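With chain A fixed as given, assemble chains B, C and D onto it according to the hints.
Number of protein chains: 4
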Amino acid sequence: MEVESSYRDKQLVEEKVFKDPVHRYIHVRDQVIWDLIKTKEFQRLRRIKQLGTLYLAFHSAEHSRFNHSLGVYEIVRRMVANFEEYEEWDHGNRLLALSAALLHDLGHGPFSHCFEKIFHTDHEAFTREIILGDTDVNKVLSRVSPEFPEEVASVINKTHENKLVISMISSQIDADRMDYLQRDAFYTGVSYGTFDMERVLRVMRPSKDEIVIKESGMHAVEDYLMSRYQMYWQIYFHPVSRGGEVLLNLALKRAKYLFEKGYAFKQFPKYFIPFFQENITVADYLRLDEMVVNFYLQEWIHEEDEVLSDLSNRFVNRELFKYLPFDGSVITENEIRELFIKAGIDPDYYFFSDSFSDMPYDYDRPGMMNNRRPIHLVKADGRLKEISSQSAIIQSITGVKRIESKLYYPKDKILEIEDLNVKSELINLLNELA
Amino acid sequence: MEVESSYRDKQLVEEKVFKDPVHRYIHVRDQVIWDLIKTKEFQRLRRIKQLGTLYLAFHSAEHSRFNHSLGVYEIVRRMVANFEEYEEWDHGNRLLALSAALLHDLGHGPFSHCFEKIFHTDHEAFTREIILGDTDVNKVLSRVSPEFPEEVASVINKTHENKLVISMISSQIDADRMDYLQRDAFYTGVSYGTFDMERVLRVMRPSKDEIVIKESGMHAVEDYLMSRYQMYWQIYFHPVSRGGEVLLNLALKRAKYLFEKGYAFKQFPKYFIPFFQENITVADYLRLDEMVVNFYLQEWIHEEDEVLSDLSNRFVNRELFKYLPFDGSVITENEIRELFIKAGIDPDYYFFSDSFSDMPYDYDRPGMMNNRRPIHLVKADGRLKEISSQSAIIQSITGVKRIESKLYYPKDKILEIEDLNVKSELINLLNELA
Amino acid sequence: MEVESSYRDKQLVEEKVFKDPVHRYIHVRDQVIWDLIKTKEFQRLRRIKQLGTLYLAFHSAEHSRFNHSLGVYEIVRRMVANFEEYEEWDHGNRLLALSAALLHDLGHGPFSHCFEKIFHTDHEAFTREIILGDTDVNKVLSRVSPEFPEEVASVINKTHENKLVISMISSQIDADRMDYLQRDAFYTGVSYGTFDMERVLRVMRPSKDEIVIKESGMHAVEDYLMSRYQMYWQIYFHPVSRGGEVLLNLALKRAKYLFEKGYAFKQFPKYFIPFFQENITVADYLRLDEMVVNFYLQEWIHEEDEVLSDLSNRFVNRELFKYLPFDGSVITENEIRELFIKAGIDPDYYFFSDSFSDMPYDYDRPGMMNNRRPIHLVKADGRLKEISSQSAIIQSITGVKRIESKLYYPKDKILEIEDLNVKSELINLLNELA
Amino acid sequence: MEVESSYRDKQLVEEKVFKDPVHRYIHVRDQVIWDLIKTKEFQRLRRIKQLGTLYLAFHSAEHSRFNHSLGVYEIVRRMVANFEEYEEWDHGNRLLALSAALLHDLGHGPFSHCFEKIFHTDHEAFTREIILGDTDVNKVLSRVSPEFPEEVASVINKTHENKLVISMISSQIDADRMDYLQRDAFYTGVSYGTFDMERVLRVMRPSKDEIVIKESGMHAVEDYLMSRYQMYWQIYFHPVSRGGEVLLNLALKRAKYLFEKGYAFKQFPKYFIPFFQENITVADYLRLDEMVVNFYLQEWIHEEDEVLSDLSNRFVNRELFKYLPFDGSVITENEIRELFIKAGIDPDYYFFSDSFSDMPYDYDRPGMMNNRRPIHLVKADGRLKEISSQSAIIQSITGVKRIESKLYYPKDKILEIEDLNVKSELINLLNELA
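So the protein sequences, as listed, match chains A, B, C and D. When we follow the working numbering, the leftmost residue of the first sequence carries the number 2, and every step to the right adds one. When we follow the working numbering, the leftmost residue of the second sequence carries the number 2, and every step to the right adds one. When we follow the working numbering, the leftmost residue of the third sequence carries the number 2, and every step to the right adds one. When we follow the working numbering, the leftmost residue of the fourth sequence carries the number 2, and every step to the right adds one.
Hints may be right or wrong, so weigh each one.
One copy or two, it doesn't matter: identical chains are merged, so the pair holds either way.
For lysine-lysine, the following DSS-like pairs were computed, each having C-alpha atoms within a straight-line distance of at most 27 Å [stated by the list, open to error]: (1) K41 <-> K262; (2) K140 <-> K159; (3) K140 <-> K402; (4) K402 <-> K386; (5) K164 <-> K140; (6) K257 <-> K271; (7) K380 <-> K209; (8) K267 <-> K140; (9) K267 <-> K41; (10) K257 <-> K412; (11) K380 <-> K323; (12) K215 <-> K159; (13) K215 <-> K271; (14) K118 <-> K215; (15) K11 <-> K140; (16) K39 <-> K323; (17) K343 <-> K209; (18) K118 <-> K140; (19) K164 <-> K323; (20) K380 <-> K402; (21) K11 <-> K424; (22) K39 <-> K11; (23) K380 <-> K17; (24) K254 <-> K118; (25) K424 <-> K414; (26) K267 <-> K209; (27) K257 <-> K386; (28) K424 <-> K257; (29) K424 <-> K343; (30) K164 <-> K118.
Keep in mind that the hints were calculated from the coordinates and are not lab data. Keep in mind the model is a prediction, meaning the values are calculated, not measured.
Next up, chain A with everything else stripped away, as it sits in the complex (with noise of 0.2 Å):
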């Protein structure tokens, strides 16, 4: 492919736009952008879910990483807008941000939590590969230049030099999290991801290393960040979504197992095979949208395996399993598998227990290194000052994490436990727990 000089700056003969209910509309003008939304790779990300099995708690939740790459660009096309009147700002960097911004999440797969668990795959280096490879975004973005596509990577990957550019579509006021949160409060329709991301755009000033944040919009980014934290336990968290990838997980699980044991498949996993050997192409990977894998998990129900057909007809038909809180004072999580196995309930596929955690905000101070580049607001004189170190309410959130455990398991097979002692202990055991 022969690169062209003029293509980096081609724009098209008219702005082209997307209605988004989000930010109204999204524009392009770059011929680049235009023909980056157009390739297949980036078509694919329709077919992934943004918030994966949350639809089994918000059932309007059924937006695609497609939607929020656009909102994301969009973002960062406002931000570029705003920059370009700093000198801080190189321009040269425009088509960078944007074509970084646009990709972030090009390699996400399906319900990718789940999947990146429990194949130990990872979505930042997929979307790597997927832009190093022999792919068609690939083929754009070298026109621009035979770095390009590096440049791009670098970017997403955080390794470029440009911390500045890095900081606009990953830190812990990005644009992407602007988008998701504003995105996700939408289509669920709750209240919490509100803030005004039109003020937190106007304060924005680019730096050397980062974007900073002029001092009189502190209390704009004490909203985002309160959204967030709103956000994370309000839905991220919600263990009704965690329900549902608990299911796909167990159900995965069986598969690679029975595939393993030389099962004899009516559907044959064809596709999760690289998966189950990790040993994954970037052609495997793409693959492998959610289209297919709500596929596979709607044939094997009608598998011999029972458990395999269980747990699929559950996450298929959302039956899903009860949860408790469990913090393992009461019980420690090996003695419950102890009682399910003398319950005659395999419990590496009916007992699970998940873990998770957020902290709203933190950064890097010594002897707690968690890569995390702090906030920073600009004075008029120029100084910088972490934001935690002016505003009380973020000093309250800065580095505590929470931490919640829940306990996942079928009811309906513990009432139909045969042996009525061991019943009735597991029966009074979770009832302790609730």
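Just chains B, C and D, lined up with the frame of chain A:
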């Protein structure tokens, strides 16, 4: 299944709510409704998009019929709550109205409009079959009474003797339309679907055979009808969405043709065969949701048959045909087909003429039977007036049918025509149509 | 005041923004605009309600013309930003358009419609006088150039030779209407004023003598015209609001009458005298805002004159007259007046017949001069089409004038009529009209 | 006035609604509520702005206390509707709660905060006097029962024995705050006031002495408290709004001073005299609304006294003082006053030090009496937990008082100081404070 006398009236211990971005909350108190929502046939509606291929034009329109069905139920729930204070309303019909509202779209298949045209299915007939067949939904309804499934089905099919209940779910101002106008506007991000539903609900009165509108509510109904008009022309008939249907239509037509010819599919169209043969059981029908259809289309990209592979690829990766207005005045459809043949392009798979029309409001008059019942305003003295006789705006759109025709073809194939004379003839012709 | 050559182009060091609930933010960068906003004549618009007595019908409609004027300015600012890329737009007219937009309502007095009718004032004439007179606004404008005040005034008065700039502020689809429809809908809480302004702005193109609309924007303009239609009939012509104007009208008429008769006011109507005498200077005019009018009305409750006291009390404490539809078919206005006189109720102060009409869209045709310039769609080839010739919906409302008449009277005074025959005659008559 | 046994329960023939932009509709069915709304004392609240001088900072915040009072009533109406299904709620208190909600702000005077400080009035005391005095409101309430006015007044004054009803209207999570946060956010156009009121209402439970919150509603309450925190610091304490109060304060102080000195006013401050003398009857109090205050300020611009004229002019035409942060560390207030005197600027009228503080949430603990009752979460087993003990976010703001002080002065007068040494000394000082 034994009928339980109390099941009809059984209430949940505590009201359940679904957070909904359009109606804020959807409230469920009836055990029957709760049980219906949990059936696998109702859960299946999560895998059918409310707007089919419209996401190709409006990226954010990815919501399901599950979503919409809950909304229609909620609107009827509010209608009933208002109606309870009128003697014209028989409280005994409450559960019938709620159930029919919830289930009214139960028989929708994947990409309904497209499938109905190509395979001659009828979602209303399948709704009836699902409700009366060997399904979980039927089991729940039968617990209310042996006749209840038939009652619900006949409300949805508009044959029930209670015309008032029918009009709540299907009439020119019903819960179905009120939900989808608002919901589709919400998801696409347009403002056209906005009308004051709370006011419309306040001015609705139950009467013997229909919902009537308090005279003072005329302007609110005007606003609703204008919303409907705008949504049809701006959203539902969007030619890009039609372009997606065109591709799906042609790909399935090719698959059927290949199947009939005995072509050896790499991915055998197992679930499509009953459709190809037009001999479909309820179980066949329920299995073929949009996950499955998408899976096959993605698979067929890899078929040997170039036509099936190409059309599938275009659908999956959104490489749409170009469209032009077409009214047959410059040239006939057949003449274009001839030209395509001369150019070596098969018009059976690479040419499509699509026509669509809408009538925002109408009612049956002598000599004009279109089976539309009028919207009636009710005066203070009880007299009814057909609404277009009272509103100049509505009169102006009453019975006005607007038809638009578009012609679809692949621009890239035109550009690759080898015979330069035919090529330029065809290009000139298409330019003339533009 | 010396003209400064650079003042016209002077920019604020940093953009100022006003948080606005309708347009999110209003952006000011021009020093001239900033200075105009700070003048006392512009600040005075805070003391004039945008919708006069409408708050009596919609309690939340309490916003001022200051509020609306900023909104019109902001819309023109966005129009200009879009127009800058077309050669038909002369950048030199930017400040003229912005200033005229900001100041277009400068001459509105308290409860404008009412005052104009009773005292024969004309807000457009006063806008001109304020701009050209010895005012702070004039001083600011004169710094731009000696001719600038006259230029701004002539745009607002529609006599400027630049018809394009005029059409931005006063035409059938101008910034004034686009702001007030949305703003008044926002404040009253109704959904009728909703249309997609961002889209309308995107399809507007500057042409020699007017703004034209890109053909593909036709539906957006339909939606806007329907909004206008609905707002007029649902909001602006609300009979309760008219009822407030009726009382104000009658109270002022009484005060004028008493003044002319030499009545000894407790609170002498100092500021009203120029109005009573219809000999009003700019200074007189500017002084009489709604604070002052309300103050007098509240004072006049305590006057000896029973009529003035009663009417003032009714206005201040919202004891409105009753209203009935009235078309003169059953009885003439004069016959009712006679009956009121027989009943001992003075029809000059306790009877009012009010008539109002609207035409949502029209344009001048031979034999029908109403000074309305059409909205033109522009085709891809540059040809203009009057919009009603392209849209059935718009055609249906073009030139259709709707008139409604209402009769206002105090129900309590009817109930207190002593002559029982007259009383029952009058009550029967009014019941017949109802 | 005779008590009618049935008046308490009398319902309107048809429900009346007020269209409201915040709550969509406000519903009235009780005759008593309808009659209260029509009283002149309640209508007077249309002439008192909800946010006093805040319109000087947020131009769109022009709404009245009438507006807000209807909103508080509506929220309590919804609370009561929810409470009716709990036995802890005594239906007999319904009308008491509704009436107290509607009337809770009845005693607010013009620019309340300002007037209360300068004239030592107390709006709560005046609410009581208006309800118990010779007023239309008292007449309506007395028709319910002779004790009813006293009951309503004591709920508003928080002395009623029914602590649950009091907590609905005044507590740390009451209908008053829930309305004003949302309403003020709506009118100013900011997003900070957003929280999910429908959810908060759903998790409220009546208990003996207070409203308690179902445990699962904790996050919704967190969100509400954060809204409150943000609204205080971003909106209510805006220094520009304070700057308007400063001018009003100083102008009234001057008027009082002149009155006491026997100054010959052109516009004699008739209605202010009871305030100057701090001997105010209910009738005096009701007369002085914001229309009247504004009228006087506008008049006083034309007074001979230069100080009164100047301060009045600044207030009316928004020529605000400049403000600086001030904490007394660099220089004391007295030292600045000395400097002003040296400069020939009277610090009594041209210097003002303003301090304000807020505590978003607190509750009484031993040794810390601030008369705040905690918000309690109720566990499934009925135990109560003070909310900050359960929420880290709330704990972080509990009892944290934030104080900000600002110093106000007229920049223009500083620039006109004749003694150049004093001038530069003062300018340097002010620069240091900035």
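Status of the hints after comparison with the structure:
no. : hint          : result
1   : K41 <-> K262  : neither (36 Å within a copy, 31 Å between copies)
2   : K140 <-> K159 : within (22 Å within a copy, 56 Å between copies)
3   : K140 <-> K402 : neither (43 Å within a copy, 48 Å between copies)
4   : K402 <-> K386 : both (23 Å within a copy, 22 Å between copies)
5   : K164 <-> K140 : within (26 Å within a copy, 50 Å between copies)
6   : K257 <-> K271 : both (11 Å within a copy, 25 Å between copies)
7   : K380 <-> K209 : within (16 Å within a copy, 49 Å between copies)
8   : K267 <-> K140 : neither (39 Å within a copy, 29 Å between copies)
9   : K267 <-> K41  : between (30 Å within a copy, 22 Å between copies)
10  : K257 <-> K412 : within (25 Å within a copy, 45 Å between copies)
11  : K380 <-> K323 : between (51 Å within a copy, 20 Å between copies)
12  : K215 <-> K159 : within (24 Å within a copy, 44 Å between copies)
13  : K215 <-> K271 : neither (54 Å within a copy, 49 Å between copies)
14  : K118 <-> K215 : neither (39 Å within a copy, 35 Å between copies)
15  : K11 <-> K140  : within (16 Å within a copy, 47 Å between copies)
16  : K39 <-> K323  : between (43 Å within a copy, 15 Å between copies)
17  : K343 <-> K209 : neither (62 Å within a copy, 48 Å between copies)
18  : K118 <-> K140 : neither (31 Å within a copy, 39 Å between copies)
19  : K164 <-> K323 : neither (45 Å within a copy, 40 Å between copies)
20  : K380 <-> K402 : between (29 Å within a copy, 24 Å between copies)
21  : K11 <-> K424  : neither (70 Å within a copy, 29 Å between copies)
22  : K39 <-> K11   : within (16 Å within a copy, 44 Å between copies)
23  : K380 <-> K17  : between (39 Å within a copy, 19 Å between copies)
24  : K254 <-> K118 : within (11 Å within a copy, 41 Å between copies)
25  : K424 <-> K414 : within (10 Å within a copy, 68 Å between copies)
26  : K267 <-> K209 : neither (59 Å within a copy, 56 Å between copies)
27  : K257 <-> K386 : neither (51 Å within a copy, 47 Å between copies)
28  : K424 <-> K257 : neither (30 Å within a copy, 54 Å between copies)
29  : K424 <-> K343 : within (10 Å within a copy, 77 Å between copies)
30  : K164 <-> K118 : neither (29 Å within a copy, 53 Å between copies)
Consistency note: the structure conflicts with the earlier hints numbered 1, 3, 8, 13, 14, 17, 18, 19, 21, 26, 27, 28, 30.
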